[in-house]
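Novice: Starting from the structure of chain Y, add chain C where the hints point.
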Amino acid sequence: MAEKKSCVKEITKGFLRENPTMRLVLGTCPTLAVTTSVVNAIGMGLSATIVLICSNIAISALRKVIPSKVRIPAYIVIIASFVTVVQMIVKAFLPALDESLGIFLPLIVVNCIILGRAEAFASKNPVLLSACDGLGMGLGFTAALFCMGTVREVLGAGTFLAGIQDLVNIGGFTGFDFSEKITSIGLSPVTIFILPAGGFFVFGILMAITNKIAQGKGLPKAELHGCEHCPMAANCTRRTEQEATR
Amino acid sequence: MKVFIALLIMGILTQNFVLSKFLGICPFLGVSKKINTAVGMSVAVIFVMCLATAVCYPINTLLEKNDLAYLQTIVFILVIAALVQLVEIVLRKYIPSLYKALGIYLPLITTNCAVLGVVVLNVDNVATFAESYAVNYGFAHAMVNSLAAGLGFMLAMVLFAGVRSRLEAADIPKFLQGLPITLIAASIVSVSFLGFGGIVEGFGLLTTV
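Read top to bottom, the protein sequences are chains Y and C. Sequential numbering from 161 applies to the first sequence in our numbering. Sequential numbering from 72 applies to the second sequence in our numbering.
Derived by calculation from the structure, the hints in this document are not laboratory data. Please note that a few of the clues may not be correct.
Claimed, not checked - Cross-link-like lysine to any residue pairs, in silico, SDA-like; alpha carbons within 25 Å at most:
#, chain 1, residue 1, chain 2, residue 2
1, Y, Lys-381, C, Ile-252
2, C, Lys-104, Y, Gly-364
3, C, Lys-73, C, Ala-205
4, Y, Lys-372, Y, Leu-315
5, Y, Lys-372, C, Ala-241
6, Y, Lys-229, C, Leu-149
7, Y, Lys-251, C, Asn-196
8, C, Lys-136, C, Ala-198
9, C, Lys-136, Y, Val-237
10, C, Lys-104, C, Arg-235
Claimed, not checked - Partial list, derived from the structure: chain C residues whose beta carbon lies under 8 Å from chain Y:
#, residue
11, Leu-90
12, Ser-91
13, Cys-97
14, Leu-100
15, Tyr-141
16, Thr-144
17, Ile-145
18, Ala-152
19, Val-191
20, Leu-247
21, Pro-251
22, Ile-255
23, Ser-258
24, Val-262
Every residue, glycine too, gets a C-beta built ideally from N, C-alpha and C.
Here chain Y stands alone, though its shape is the one from the complex:
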């Protein structure tokens, strides 16, 4: 019973309390790059989730076998293998998604969420808990991407879930398109939101909102303290800077 409870806790913590993108500020590159549309965001989120669960399970199962001196290269090889598998599956079954995610699909390898969770969680915890942690973190990442994608796509392109038919077939549903309605009243979609600049802006605003919510719950503000979760923490300049000022 106790284990069941902690499993649920590991899954739910990824959504707000320890949301990887909004709270731990990890994996910022894909967050900004692929959220130009909701469908891309979901595709990226789910691909990363699959890699995260698989690599967490593998690393947790091997945690007593891998010597700690070579653990980072070992983790990278495990993660890269799963990324290659996911890449092949996406290329084969969802070619349109592969096209729009482009190089960010292979770049899941260097996504700090995955290596970070391997180092911070999977290398210290049993398999089941690590799988739950992977699922929770992955879904939290997907949720954050979904929020950002929704804001950017609705404001920037005047559509919602456009191109969903490339991801799943829901009775020929091809997403909502309000762009004609918007132009008919003499307005036009705010294109800047799907340009790179809009990505930074929306991310900043969403982070301010999550900070506000977290503050109400008595949690600290999101800082770029990726350091504790980053496997390179010991060498990190930010940390050395912080220690120098202390």
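Specialist: Quick look at chain C alone, frame taken from chain Y:
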């Protein structure tokens, strides 16, 4: 020649790695507080990017010849990681002054998406350039592209370090303090780079087929 100039302009201005391709955001936000750390980090990135391309590009031809292209991701990341370690050891032994300046940044770069990104992009570019510009994208192109990407990273880092030092002194609403205002500032820097759009086509450096 024109293509090389086009690659440089694209890498530095129109398709800046940080501000329009979103690669290397972590160091961009993390190490850009002071100009000197920003410069140190950028020099290390330029160095590793060029080195990684110089090594990975031939390896990729080898992989493709043997029908092993699916191993790209694993091979590239391992080669980059090993390379960075090697460079660190060599620098520490033979050029300690350079090691002192760049050494602390080197381990950070192993898992930096900008470095793996430039290597993967160079591989992808072979097909895209042949298809859309009828350019035979070879080793020299890949090297220039990596250099341009690194210089673009440096430009963004240094510019942003300047913006951030101003930001420190500004009176910011409480809910935006910290990362949110940094991201919004980055968005404004990114808008300014939009102004460069179209100069490559405008000067006729690259013509689409």
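Novice: All hints are to be evaluated individually against the structure, with a verdict given for each.
Specialist: Verification of the supplied hints:
no. : hint                  : verdict
1   : Lys-381/Y - Ile-252/C : 13 Å, holds
2   : Lys-104/C - Gly-364/Y : 17 Å, holds
3   : Lys-73/C - Ala-205/C  : 13 Å, holds
4   : Lys-372/Y - Leu-315/Y : 23 Å, holds
5   : Lys-372/Y - Ala-241/C : 21 Å, holds
6   : Lys-229/Y - Leu-149/C : 16 Å, holds
7   : Lys-251/Y - Asn-196/C : 18 Å, holds
8   : Lys-136/C - Ala-198/C : 16 Å, holds
9   : Lys-136/C - Val-237/Y : 23 Å, holds
10  : Lys-104/C - Arg-235/C : 6 Å, holds
11  : Leu-90                : 6 Å, holds
12  : Ser-91                : 5 Å, holds
13  : Cys-97                : 6 Å, holds
14  : Leu-100               : 6 Å, holds
15  : Tyr-141               : 6 Å, holds
16  : Thr-144               : 5 Å, holds
17  : Ile-145               : 4 Å, holds
18  : Ala-152               : 6 Å, holds
19  : Val-191               : 5 Å, holds
20  : Leu-247               : 5 Å, holds
21  : Pro-251               : 4 Å, holds
22  : Ile-255               : 4 Å, holds
23  : Ser-258               : 3 Å, holds
24  : Val-262               : 4 Å, holds
Against the hints set out earlier in the document, no violation occurs for any number.
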